[in-house]
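Chemist: Given the sequences, and given the hints that come with them, work out the whole structure.
There are 2 protein chains.
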Amino acid sequence: MLKYRVKPIDVVLEENMIVINEEDARKSGLTSGSRVFLVDSGKPVPAVIGLSRTLVRPGEVLVPVSVLKSLHLSEGDYLQVKPLALPSSLPYLRKRLLGERLSDTEIMEIVSEIVDGIYDDAGITAFVVSQLIHGLSEAELSALIKAMVETGERVVFEETVYDEHSIGGVPGNSKVALLAVPIAAAAGLLIPKTSSRAITSPSGTADTMEVLANVEFKPEELKEIARKTRGLIAWGGKLNLAPADDIFVRVERKLGIDPHHQMVASILSKKLAMNVSKLVIDIPVGTGAKIENMSEAEHIAALFISQATRLGLTIKVVMTFGGQPIGRTAGPALEAREALKTLMERRGSMSLVEKAFGLAGVLLELSGKVPQGKGFEAARSIFESGKAYDKFKEIVEAQGGDPEVKPDDIEVGRYSFTLQSPAEGAVTHVDNMAITMIARAAGAPEDKGAGVYLHVKTGYRVNKGDPVLTIYSNSESRLNEAVALAAKHSPIVVEGMLLKLLP
Amino acid sequence: MLKYRVKPIDVVLEENMIVINEEDARKSGLTSGSRVFLVDSGKPVPAVIGLSRTLVRPGEVLVPVSVLKSLHLSEGDYLQVKPLALPSSLPYLRKRLLGERLSDTEIMEIVSEIVDGIYDDAGITAFVVSQLIHGLSEAELSALIKAMVETGERVVFEETVYDEHSIGGVPGNSKVALLAVPIAAAAGLLIPKTSSRAITSPSGTADTMEVLANVEFKPEELKEIARKTRGLIAWGGKLNLAPADDIFVRVERKLGIDPHHQMVASILSKKLAMNVSKLVIDIPVGTGAKIENMSEAEHIAALFISQATRLGLTIKVVMTFGGQPIGRTAGPALEAREALKTLMERRGSMSLVEKAFGLAGVLLELSGKVPQGKGFEAARSIFESGKAYDKFKEIVEAQGGDPEVKPDDIEVGRYSFTLQSPAEGAVTHVDNMAITMIARAAGAPEDKGAGVYLHVKTGYRVNKGDPVLTIYSNSESRLNEAVALAAKHSPIVVEGMLLKLLP
Numbered sequence: 113m114l115k116y117r118v119k120p121i122d123v124v125l126e127e128n129m130i131v132i133n134e135e136d137a138r139k140s141g142l143t144s145g146s147r148v149f150l151v152d153s154g155k156p157v158p159a160v161i162g163l164s165r166t167l168v169r170p171g172e173v174l175v176p177v178s179v180l181k182s183l184h185l186s187e188g189d190y191l192q193v194k195p196l197a198l199p200s201s202l203p204y205l206r207k208r209l210l211g212e213r214l215s216d217t218e219i220m221e222i223v224s225e226i227v228d229g230i231y232d233d234a235g236i237t238a239f240v241v242s243q244l245i246h247g248l249s250e251a252e253l254s255a256l257i258k259a260m261v262e263t264g265e266r267v268v269f270e271e272t273v274y275d276e277h278s279i280g281g282v283p284g285n286s287k288v289a290l291l292a293v294p295i296a297a298a299a300g301l302l303i304p305k306t307s308s309r310a311i312t313s314p315s316g317t318a319d320t321m322e323v324l325a326n327v328e329f330k331p332e333e334l335k336e337i338a339r340k341t342r343g344l345i346a347w348g349g350k351l352n353l354a355p356a357d358d359i360f361v362r363v364e365r366k367l368g369i370d371p372h373h374q375m376v377a378s379i380l381s382k383k384l385a386m387n388v389s390k391l392v393i394d395i396p397v398g399t400g401a402k403i404e405n406m407s408e409a410e411h412i413a414a415l416f417i418s419q420a421t422r423l424g425l426t427i428k429v430v431m432t433f434g435g436q437p438i439g440r441t442a443g444p445a446l447e448a449r450e451a452l453k454t455l456m457e458r459r460g461s462m463s464l465v466e467k468a469f470g471l472a473g474v475l476l477e478l479s480g481k482v483p484q485g486k487g488f489e490a491a492r493s494i495f496e497s498g499k500a501y502d503k504f505k506e507i508v509e510a511q512g513g514d515p516e517v518k519p520d521d522i523e524v525g526r527y528s529f530t531l532q533s534p535a536e537g538a539v540t541h542v543d544n545m546a547i548t549m550i551a552r553a554a555g556a557p558e559d560k561g562a563g564v565y566l567h568v569k570t571g572y573r574v575n576k577g578d579p580v581l582t583i584y585s586n587s588e589s590r591l592n593e594a595v596a597l598a599a600k601h602s603p604i605v606v607e608g609m610l611l612k613l614l615p
Numbered sequence: 113m114l115k116y117r118v119k120p121i122d123v124v125l126e127e128n129m130i131v132i133n134e135e136d137a138r139k140s141g142l143t144s145g146s147r148v149f150l151v152d153s154g155k156p157v158p159a160v161i162g163l164s165r166t167l168v169r170p171g172e173v174l175v176p177v178s179v180l181k182s183l184h185l186s187e188g189d190y191l192q193v194k195p196l197a198l199p200s201s202l203p204y205l206r207k208r209l210l211g212e213r214l215s216d217t218e219i220m221e222i223v224s225e226i227v228d229g230i231y232d233d234a235g236i237t238a239f240v241v242s243q244l245i246h247g248l249s250e251a252e253l254s255a256l257i258k259a260m261v262e263t264g265e266r267v268v269f270e271e272t273v274y275d276e277h278s279i280g281g282v283p284g285n286s287k288v289a290l291l292a293v294p295i296a297a298a299a300g301l302l303i304p305k306t307s308s309r310a311i312t313s314p315s316g317t318a319d320t321m322e323v324l325a326n327v328e329f330k331p332e333e334l335k336e337i338a339r340k341t342r343g344l345i346a347w348g349g350k351l352n353l354a355p356a357d358d359i360f361v362r363v364e365r366k367l368g369i370d371p372h373h374q375m376v377a378s379i380l381s382k383k384l385a386m387n388v389s390k391l392v393i394d395i396p397v398g399t400g401a402k403i404e405n406m407s408e409a410e411h412i413a414a415l416f417i418s419q420a421t422r423l424g425l426t427i428k429v430v431m432t433f434g435g436q437p438i439g440r441t442a443g444p445a446l447e448a449r450e451a452l453k454t455l456m457e458r459r460g461s462m463s464l465v466e467k468a469f470g471l472a473g474v475l476l477e478l479s480g481k482v483p484q485g486k487g488f489e490a491a492r493s494i495f496e497s498g499k500a501y502d503k504f505k506e507i508v509e510a511q512g513g514d515p516e517v518k519p520d521d522i523e524v525g526r527y528s529f530t531l532q533s534p535a536e537g538a539v540t541h542v543d544n545m546a547i548t549m550i551a552r553a554a555g556a557p558e559d560k561g562a563g564v565y566l567h568v569k570t571g572y573r574v575n576k577g578d579p580v581l582t583i584y585s586n587s588e589s590r591l592n593e594a595v596a597l598a599a600k601h602s603p604i605v606v607e608g609m610l611l612k613l614l615p
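Heads up: the sequence lines are chains Y and L, in that order. What the first sequence shows, in our numbering, is residues 113 to 615, in sequence order. What the second sequence shows, in our numbering, is residues 113 to 615, in sequence order.
No lab work stands behind these hints: they were computed from the structure. Because the structure is a prediction, the values reported are computed rather than measured. Hints are supplied without guarantee of correctness; some may be wrong.
[As the list claims (entries may be wrong)] Cross-link-like lysine to any residue pairs, in silico, SDA-like; alpha carbons within 25 angstroms at most: (1) 139/L - 311/Y; (2) 194/Y - 246/L; (3) 207/Y - 246/L; (4) 115/L - 171/L; (5) 119/Y - 115/L; (6) 115/L - 124/Y; (7) 181/L - 167/Y; (8) 119/Y - 359/L; (9) 207/L - 407/Y; (10) 139/L - 407/Y; (11) 181/Y - 597/L; (12) 181/Y - 169/L; (13) 194/L - 207/Y; (14) 207/Y - 169/L; (15) 194/Y - 115/L; (16) 181/L - 160/Y; (17) 181/Y - 207/L.
[Said to hold, decoys possible] Which stretches of chain Y does chain L cover? Using the computed rule of at least three CB atoms under 8 angstroms from a CB of chain L, they are: (18) 223–234; (19) 441–451.
[Unchecked claim] Examples of chain Y residues toward chain L, derived with CB under 8 angstroms: (20) 127; (21) 145; (22) 241; (23) 242.
The C-beta atom is built at its ideal place from N, Cα and C for all residues, glycine as well.
Modeler: Pasting the structure below:
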């Protein structure tokens, strides 16, 4: 193992790379593309070798600033470079490629070596594809989920942890948790919800909450907030919960696949890492949602239930209507505004409030605080009493936001465009996919103010010229793009007519 | 598509990478790790994005010298950077992952996008693994082979091209072609043999031939040599014959897999790219060889025959004894010396000369120059007449070597160590795997002089203290390593006794 003197280079790379002198490389049997471990005092960091004759002298190593930071090293420090052998769990992977079942320890070894960076994309993909082709047995899937939990950070709470989670895929859904979590917490349940940012939707729960408060916390900070408020809504991204999940998802995205068992593993592993023991899963079903028919939804529900049971989680799966957007908004600021307004006014869009009551209600029933069948009503009365809003203000304040913020204080995109109904008649369809596409084209979720406001939903009657849809953006050119998409994709259909584009 | 001013950086990377300013990246929606095409006048080159704030100004791009060279660009030139979308053949790949068969054009599209660099390792691995798990149909395998040929260089000859090829896996085998090719060429056959360098063996045919002559030629040079000599022995590596093969093999090596259909596709595609129409395949079978039993050999032979037939190739498959090394040597210089000595003296190790006669004989029969069943004898008489040696000298000269070189002129490793028999008795086993491991530990094939000389082979009688094995190396420390391995792995077994290590 050779020791090199560090020379920083101001560059940010996705994959760690270091550059050493050609002569050093030859002596130590390394070449460009060789995979190595960078060894300092902490955990070894994997990297790829590049070569140079002039950028570094023998004995020196050029290290990108991003890598230096993660190693806590600076110029002139010494760094050891150790060649990375093939993963020792490769025989198990080959076994699985040939269709054999793996034991818990074999799966654990593969997952740890993946998380430790010993596998490259070829090996990770082979593992993912082997699961796709030779479906995982129930025992293998449990072992996979356990391994995903054990190879990451775990946040431990002293009492029963509750959570609700939607598999997503419907625009406007990110704000449901902003109602459901304070309702459950107001009833005394401990519900430290971690959620993701949007990947393909206009906003994730973390994106929407971030409009009102901070969402990035360290594990100790999460526990401190939960002690105060019982509920919180944070981003799980930097907590290193089940990091294998992010690695698998990255590869799956490259292949354009999204296997059901991976969705189940992803959600359950992140929840187990947060010590959740009572969980409600929401599967929105409908045209243009991630899950379009009931039989697929039932298959996923069965997978969730069997795995949760094996893993000692109490679970309830709720299938909800996902055939059109939830509430009237899609996009971080618009959704935050709608959630806040709904909490303050103690009423709002039926699709939003009833969904929140349904999910929070099941949590209340699971807790035993409310008899079976009474959860929905109990949730509604917490909401209507204003206790949910009070709890939400506590949460916003505990997460460093302004609890007194009003809906109109929330800035939405400064450019907007309203589409009108081309005729009198009934709204026959609001298209999830088109709404998502338009909101993202307008800049959501990166542009927090970008998104879509629905003046009408399926079943509404409109007159010719009535506003049906307003698109918001902070960029004029993105707004124009979004408007052009709206003209092409008919997000709202009034008895078969296309929308009129004039403002 | 943005245009950047080129700034070179003296670094050699395995994967192409360029660094642009963070501001430019943000504006064009790129981030670190984004995959792009570098577009100049020629074929677009794939690359990965790195970011910097200070190394490049907005409008500049930092390009490794290795990439600049392939683009024929220099400092101050302009380079266009185009975001790389997902491969357009991804739906076909997903179809195959789900177990559906692909059409010829679907396979062609996947293979071309792989060769064009549009796929990354995840996609390539998914394609390879899908073939491993859902075995290819005969039609799919033919389509794959055709696509591999069509996406690479093709060398066209005016008349029938012959060749022989061993699937390898037995130490000492690389020198067989140095006898078989000149025998066939001396009989008038056109046999422009391209071969590979060693990957896991002590020497490949190209490595061994390179001890005596050049082996790297451009297609026109190959044709020029073949016009003069009818035969040649070159390295196929830089000819860009069926480049998809090298891409698949790189990924397979990472996974430690070597599927049979890939071996067949690899060999047939490279041969078809060289315009071969009459081919003899050698499958060595025996303990410690790549193929250890006849039923596996027959399975591979059937695959070769059915595919060759579908692809319009005349093929003969020969199974040869592979239970111990071929001839007495393993390692480039040692094998070159043995082949040269055998050709000059018109006699040599039975396992070497009989194998060469067998393979060349089948070629002679295929050509119709010799009646069926008379090939072996015809090959032997060409060899014994000295015509094979004369032809070999022509070939060596045409390939820029010294035709008058004598076996003793060939330098072997300057350090050596001889192992002795621990007892009187019969040699009961010479272990292929141990011989390979020892020769490679001694430095073969990179150190051309490194390798192993066998004083005895299976069935020989020895007295206590007789030399049985000499290890050569140009590095004293590598020699010691190889000797230690020999002590551990019993390369030669004399009636069950271990070797004595004293010199």
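Chemist: Which numbered conditions among the earlier hints are violated in the structure presented, ordered from lowest to highest?
Modeler: Hints 2, 5, 8, 10, 11, 13, 14, 15, 17, 19 not satisfied by this model.
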